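**Student:** Residue strings, one per chain:
2 protein chains.
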Amino acid sequence: MKVNSVNEGLLIVISGPSGVGKGTVCSRLRQKMPELTYSISATTRAPREGEMDGVSYFFKTVPEFKKMIEEDQLIEWAQYVGNYYGTPRRFVENTLASGQDIVLEIEVQGAMQVKEKFPQGVFIFLVPPSFEELRQRIINRGTETEALLNKRLEAASDELNQIKNYNYVVINDEVDKACECIRAIVMAEHCRTDRLKLSDQNS
Amino acid sequence: MKVNSVNEGLLIVISGPSGVGKGTVCSRLRQKMPELTYSISATTRAPREGEMDGVSYFFKTVPEFKKMIEEDQLIEWAQYVGNYYGTPRRFVENTLASGQDIVLEIEVQGAMQVKEKFPQGVFIFLVPPSFEELRQRIINRGTETEALLNKRLEAASDELNQIKNYNYVVINDEVDKACECIRAIVMAEHCRTDRLKLSDQNS
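As given, the protein sequences belong to chains A and B, one line each in that order. Note that the UniProt record's numbering has the first sequence beginning at 1, numbered continuously upward. Note that the UniProt record's numbering has the second sequence beginning at 1, numbered continuously upward.
Just so you know, the hints here were simulated from the structure itself, not pulled from any lab data. Note that the coordinates shown come from a computational prediction; the quantities given were computed from them, not determined experimentally. Just so you know, nobody snuck in bad clues.
For identical chains, the list gives no copy identity; a pair is met inside one copy or between any two copies.
With a straight-line Cα cutoff of 27 Å, these simulated BS3-like cross-link-like pairs (lysine-lysine) come out:
no., residue 1, residue 2
1, 32, 177
2, 60, 115
3, 117, 67
The shape of chain A in the complex, shown without the other chains (with noise of 0.2 Å):
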């Protein structure tokens, strides 16, 4: 009998509710944990000073990123802010199937995208310390009217609610501390038994 790693990497899916840090937490990640692969976003909103094609994002023009969708060729995708937003899919199989981890840091919808696609992934939803929390940090990043800022919480609360579709929870009380618990939980992940091939050849 022989106990081998399953071949295929991981998907590792990032998401949680908006203002809660996700952006932070996968900046962090990236130095913490260079061993695993990053998705790239495939985005129709223009280029920022600094931002190269295939780095940061795939650049795509309106009709192409259609042309995405049409031939099936995004995990998930949404539109914000008038924007298009996805993640190409053969970006994410080649690396999967190369034996290598991959992360995606995406919206909680664009999650239960995945999950529908990937119900083997590792589904890891970020929390904040609390809902007061969460709260103050939407209302520290910009003047909002009232009503706005309501309909955003109750959105945050919405989205607080998808947790039960998520593996694993992990409170972004402090960036590092939140990082070493998702390094733990690939680690665990990759001792999973259901998720090692078992041969029963006695060498």
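Assemble the complex: chain A is given as a structure, and chain B must be docked to it using the hints.
**Tutor:** Just chain B, lined up with the frame of chain A:
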């Protein structure tokens, strides 16, 4: 909405075939993870020099041990080489109720008894890098007749087939690496959504 860690500690079972090095891994783990509580077995064997009651083991007479079995005071028990060994229930239950994690280092047979009573436990199976390696470790333990050696190898092979009843498989190639995997598993299990208590208070 608020996310609370579950109040009860984790019951962590470390098991694996004889010869895999459970004792070595758990000794190192005590140094590396002193924050965990380690279960103390009850036994009818005589104390060796330096062994203290309630530290190394709970030392019992045979009638005392049999009474513990009758009164369902043991989570699991077995007889080895003429002596009884078992895991007292009260110490485990009190530790878990106080919110602390407890580690049980036990044989495969005992681990399956524990699983019936604590299905929510974290069951970790230590495996050798290969069956050949396990064979060498058993041979190196001392001079054995070929018949006895074959019997032991057969038993180890049967035990390896229990792997499917465990949540995690950790390869005991290097002791420090095995301990790091166990640390990651404990940390990740504390983040599992199905172990969290969620309340709907918006504060």
